[in-house]
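Visitor: Just so you know, the sequences run in chain order A and B. All residue numbers in the first sequence are consecutive under my numbering, ending with 113. All residue numbers in the second sequence are consecutive under my numbering, ending with 114.
What the hints contain is simulated information worked out from the structure, not anything from laboratory work.
Calculated lysine-lysine pairs in the DSS-like style (CA-CA distance at most 25 Å, straight line): (1) B:101 - A:69; (2) A:57 - B:101; (3) A:71 - B:101.
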Amino acid sequence: EAQVTQNPRYLITVTGKKLTVTCSQNMNHEYMSWYRQDPGLGLRQIYYSMNVEVTDKGDVPEGYKVSRKEKRNFPLILESPSPNQTSLYFCASSPQGVGTEAFFGQGTRLTVV
Amino acid sequence: GENVEQHPSTLSVQEGDSAVIKCTYSDSASNYFPWYKQELGKRPQLIIDIRSNVGEKKDQRIAVTLNKTAKHFSLHITETQPEDSAVYFCAGARGGGSNYKLTFGKGTLLTVNP
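Work the whole structure out from these sequences, hints included.
Guide: Structure follows, in structure tokens:
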């Protein structure tokens, strides 16, 4: 089944403790991106990747890192999480760039205390 | 960068009525405008999209219109049903080549009352 898989689905962590949210797609898509969703603010893009080893900042990249060492994986790294990073995170992939459908993962609800 | 404004933030209609959600964008170079539906507790899913070389697109009960001059686009849902209840997001982007920067509106919570 074609899908985008994120792990974990839920995570509670403490301020400053490094964490990684994984994202994997099995559709051989070139493009992947990360969004955070907050009430009243919609979906905001954190980082995106156009291909292996090619990444770029979205609208809210501060406090996050990403890597794209393989086509299928695009992990999101929070080196030192803070409470303002408490949010619902979505990974998405699409066959090519803008102009093709983005397929979203199930979401990861992160709470930083 | 692109800025997408979406209105209204909440919309309540009776089953069978029509619903209209409107969005405006700031970047005149934007040329791709998708709409996503997100049911409660689920992931966003594409329901329809339109490119700047097209003024209107329909898919059964859903239609999207685009006015490039005024820089606004709208989602129209006719004969609404309770299962249309969800949050709807519009988005805009300057597509082409390897660009993948998609800017979303803040969403509209649509409630269809039986």
